[in-house]
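Residue numbers (the numbering used here), protein chains in the order written: chain A, 1 to 220; chain B, 1 to 258; chain C, 1 to 240.
Rather than coming from a laboratory, the hints here were simulated on the basis of the structure. Remember, predicted model here, so these are calculated numbers, not experimental data. Careful: at least some of the hints might be erroneous.
[As the list claims (entries may be wrong)] Straight-line alpha carbon distances no greater than 20 Å define the calculated SDA-like cross-link-like pairs of lysine to any residue that follow:
no.: 1; chain 1: A; residue 1: K40; chain 2: A; residue 2: E110
no.: 2; chain 1: B; residue 1: K221; chain 2: A; residue 2: V170
no.: 3; chain 1: B; residue 1: K69; chain 2: B; residue 2: G128
no.: 4; chain 1: A; residue 1: K212; chain 2: C; residue 2: R132
no.: 5; chain 1: A; residue 1: K212; chain 2: C; residue 2: R89
no.: 6; chain 1: A; residue 1: K212; chain 2: C; residue 2: V133
no.: 7; chain 1: A; residue 1: K212; chain 2: C; residue 2: R129
no.: 8; chain 1: A; residue 1: K40; chain 2: A; residue 2: E115
no.: 9; chain 1: B; residue 1: K239; chain 2: B; residue 2: T35
[Unchecked claim] Computed footprint of chain A on chain C; a stretch qualifies when at least three of its residues, placed anywhere within it, have a C-beta under 8 Å from a C-beta of chain A:
no.: 10; stretch: 74-80
no.: 11; stretch: 87-94
no.: 12; stretch: 127-138
Even glycine gets a Cβ: it sits at the ideal position worked out from N, Cα and C.
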Amino acid sequence: MFQLDAELWRIVLLSLEVSLSAVLLATLLGLPLGAALAVKRFPGRRGAIVTLNALMGLPPVVVGLLVYLLLSRAGPLGELGLLFTPGAMIIAQTILILPIIAALARQALEDAWREYEEQLRSLGAQGMQAALTLLWDARFSLITAVLAGLGRASAEVGAVMIVGGNIDGVTRVMTTAIALETSKGDLPLALGLGFVLIAIVLVLNAGAQLVKEAAQRRFG
Amino acid sequence: MGVALAAAIAGFITVASTTSTEQSGLFRHLLPIFTAKSGIEVRVVAVGTGQALDIGRRGDADVVLVHAKPLEEKFLAEDHAVRRQDVMYNDFVLLGPKSDPAKLAGTKDVVTAFQRIRAARAPFVSRGDRSGTHFAELEIWKLAGIDIGREKGPWYRDTGQGMGAALNTAAAMDAYILADRGTWLSFRNRGDLAIVVEGDKRLYNQYGVMLVNPAKHPSVKREMGQAFIDWLVSADGQKAIADYRIGGEQLFFPNAHE
Amino acid sequence: MSSSILPLTLDNVAYASNGQRIIAGVSLSIEAGPSTVILGANGAGKSVLMRLMHGLLRPTAGRVRWSEADPASLRRRQAMVFQRPVMLRRSALANVVYALQLAGVPSGEREAQARAALDEVGLRHLAQRPARVLSGGEQQRLALARAWALHPEVLFLDEPTANLDPSAAREIETVIKAFDAAGTKIVMATHNLGQARRLGDEVIYLQAGRVLERAPIEQFFARPATAEAAAFVKGELPWV
Numbered sequence: 001m002f003q004l005d006a007e008l009w010r011i012v013l014l015s016l017e018v019s020l021s022a023v024l025l026a027t028l029l030g031l032p033l034g035a036a037l038a039v040k041r042f043p044g045r046r047g048a049i050v051t052l053n054a055l056m057g058l059p060p061v062v063v064g065l066l067v068y069l070l071l072s073r074a075g076p077l078g079e080l081g082l083l084f085t086p087g088a089m090i091i092a093q094t095i096l097i098l099p100i101i102a103a104l105a106r107q108a109l110e111d112a113w114r115e116y117e118e119q120l121r122s123l124g125a126q127g128m129q130a131a132l133t134l135l136w137d138a139r140f141s142l143i144t145a146v147l148a149g150l151g152r153a154s155a156e157v158g159a160v161m162i163v164g165g166n167i168d169g170v171t172r173v174m175t176t177a178i179a180l181e182t183s184k185g186d187l188p189l190a191l192g193l194g195f196v197l198i199a200i201v202l203v204l205n206a207g208a209q210l211v212k213e214a215a216q217r218r219f220g
Numbered sequence: 001m002g003v004a005l006a007a008a009i010a011g012f013i014t015v016a017s018t019t020s021t022e023q024s025g026l027f028r029h030l031l032p033i034f035t036a037k038s039g040i041e042v043r044v045v046a047v048g049t050g051q052a053l054d055i056g057r058r059g060d061a062d063v064v065l066v067h068a069k070p071l072e073e074k075f076l077a078e079d080h081a082v083r084r085q086d087v088m089y090n091d092f093v094l095l096g097p098k099s100d101p102a103k104l105a106g107t108k109d110v111v112t113a114f115q116r117i118r119a120a121r122a123p124f125v126s127r128g129d130r131s132g133t134h135f136a137e138l139e140i141w142k143l144a145g146i147d148i149g150r151e152k153g154p155w156y157r158d159t160g161q162g163m164g165a166a167l168n169t170a171a172a173m174d175a176y177i178l179a180d181r182g183t184w185l186s187f188r189n190r191g192d193l194a195i196v197v198e199g200d201k202r203l204y205n206q207y208g209v210m211l212v213n214p215a216k217h218p219s220v221k222r223e224m225g226q227a228f229i230d231w232l233v234s235a236d237g238q239k240a241i242a243d244y245r246i247g248g249e250q251l252f253f254p255n256a257h258e
Numbered sequence: 001m002s003s004s005i006l007p008l009t010l011d012n013v014a015y016a017s018n019g020q021r022i023i024a025g026v027s028l029s030i031e032a033g034p035s036t037v038i039l040g041a042n043g044a045g046k047s048v049l050m051r052l053m054h055g056l057l058r059p060t061a062g063r064v065r066w067s068e069a070d071p072a073s074l075r076r077r078q079a080m081v082f083q084r085p086v087m088l089r090r091s092a093l094a095n096v097v098y099a100l101q102l103a104g105v106p107s108g109e110r111e112a113q114a115r116a117a118l119d120e121v122g123l124r125h126l127a128q129r130p131a132r133v134l135s136g137g138e139q140q141r142l143a144l145a146r147a148w149a150l151h152p153e154v155l156f157l158d159e160p161t162a163n164l165d166p167s168a169a170r171e172i173e174t175v176i177k178a179f180d181a182a183g184t185k186i187v188m189a190t191h192n193l194g195q196a197r198r199l200g201d202e203v204i205y206l207q208a209g210r211v212l213e214r215a216p217i218e219q220f221f222a223r224p225a226t227a228e229a230a231a232f233v234k235g236e237l238p239w240v
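So that you can see chain A by itself, here it is in the shape it has in the complex (with noise of 0.2 Å):
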């Protein structure tokens, strides 16, 4: 049993570790992304904008198969030696959800372009500048486009399943366990595994929660 809860440590701790990266990663690439979208007036606009969008639907199992053909020795990267490693999971991740992040992070900061901008464009804030303030001041509605992009990568098993191999010890994550043993017949234990990820997905979700409110309190 204790050997249990030591590999039910790691896996958890893997989950976390290649889910939370691929999250920073997206959020950094993606919040300038979706601020850029939101100031910015350029030709093909609004088909960007429409594709980013039809992106966030991208299938997991298809971004698996992609980064895989990417990182095989027998593809371009392959001299990365990165597939079957979290690195390779966590490529996979980031891809699959910086469209999620950076077009909520679109709608949000378009939104608040519209309250902001006259005044931002009087006080002499341009392009860039103006596109920073305005991510910097909506932060707290931006949490969510963040939270949505984190419950994306810990649900996800398609992406991580053919880039990591989900090779014992290295790089199984919860919810590549949870199918392992779903296709082992033992459900008990893979139900188990699914209560614990959904139990780290709410705890996650309610410390922001609890940031997004305190920090409302704080800076009105």
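Fit chains B and C to the given chain A structure using the hints.
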């Protein structure tokens, strides 16, 4: 190959193998023994046989351990490996529901059993995923003189799933299914399924191991991969394989020819 | 020691949006000195005219010309206060500091100048308060402090007290008078006739996107030159 009394990990190899082998629990038993002796960590990617060989073809694994001899020989012929060695065999069992719609009770001949299933159009679940188990099943249909591609009907369920998932489906549907004994022994969700035919020679399932050809795939870890293969076929490795039991029953029977 | 950005000249400026013509052929010149009040009914185009002058909108015809060519320098020397103040999610002080940062004031001097601006509008005690929890009147005063800190040559105000109660409106008017006394050119749009009389020296009367009249304030109220202006003066309820 000399074995180092290494406490430190010297590196790792990637072994592409099958879901049924992993789900039998063999690797959990076997690999720590090898790692303690050699200091080499073994990372197993367990997928269907077809995909395992594909991983080898791409050079994404160092060693391939599967149980589908015709496919392994094709792999050899394509120069993706230089040598194939027998390691062990396990067997398949034909499982069926208590209701036994094809009236197989008492049959010892798996080919006859398949013919009766077809005649009765009894529900039958196939893996359908180019796995070793799937190929074994197709072989038996052929031996039974049944062109399953043409003769299948709604009674034949082609699921495209791994062994455990397919067993789940068969248990839920009260269907017949061919499974490897290892997965069956550790399978918990049996429903009304039980072993109907076993021991037929045609149900034996031979495992072969190959080192992915370093000449064709320079990234292959040749020495460590070869060390693993050498250990598997050595007296030590073969004994470790034989020692693996579920509920006191031996699952895998070593038969490497030195 | 640079020269003034005024006069501001509008050459036959027009503005249309969604097929609707909002400003039609306005030519005028805004000089330094007297406070200019832009009067007109709702929908006359006051807000759009203000934004055209401030540079937030581009005219669809005609030209808006200042006496200063460098856009960065121009931006720093005119400020605008809107009907609804927009504050960042920061303290009152930080909002003023932000404006100073944008204007290129060296970082060591920003806080002191910001505090001085807050003092000027009587918000010193609220310096650390989150700007967004301040009352409407306080936020509008903060907007004026933000503008004050920049020491602009021209201050545009678009109906600055329309959303405020009379006492808050009075406080705002006091600050505007202080701007005027300090030499800032005031250009203010309002439909509050009492306020126009209290703060303005000259009136530009706008109707349906055209300038119908321009006159010193008392002359406009005593003897409006056009029938429409006369009707406007009679029809609007003056806030005392």
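Outcome of the hint check:
Proposed proximity of A/K40 and A/E110 is supported: the alpha carbons are some 10 Å apart, at most 20 Å. For a cut-off of 20 Å, the pair hint linking B/K221 to A/V170 stands: about 18 Å separates their Cα positions. Of the supplied pair hints, the one linking B/K69 and B/G128 holds, its CA atoms being roughly 18 Å apart against a limit of 20 Å. With a C-alpha separation of about 16 Å, the suggested pairing of A/K212 with C/R132 holds against the 20 Å cut-off.
Of the supplied pair hints, the one linking A/K212 and C/R89 holds, its CA atoms being roughly 13 Å apart against a limit of 20 Å. For the hint linking A/K212 to C/V133, the alpha-carbon distance of about 16 Å falls within 20 Å, and the restraint holds. At roughly 19 Å between alpha-carbon atoms, A/K212 and C/R129 fall within 20 Å of each other, so this suggested pair holds. About 15 Å separates the Cα atoms of A/K40 and A/E115, which keeps this hinted pair within 20 Å; it holds.
Only pairs whose Cα atoms come within 20 Å are accepted, and B/K239 paired with B/T35 is accepted, the gap being roughly 16 Å. Taking a C-beta to C-beta cut-off of 8 Å, the stretch 74-80 of chain C contributes 4 residues in contact with chain A, enough for the three needed, and the coverage statement holds. Check on the stretch 87-94 of chain C: 3 of its residues sit with their Cβ under 8 Å from a Cβ of chain A, so the three-residue criterion for coverage holds. Closer than 8 Å: that is the beta-carbon criterion, and the stretch 127-138 of chain C has 4 residues meeting it against chain A, so the requirement of 3 holds.
The earlier numbered hints are all upheld by this structure, with none contradicted.
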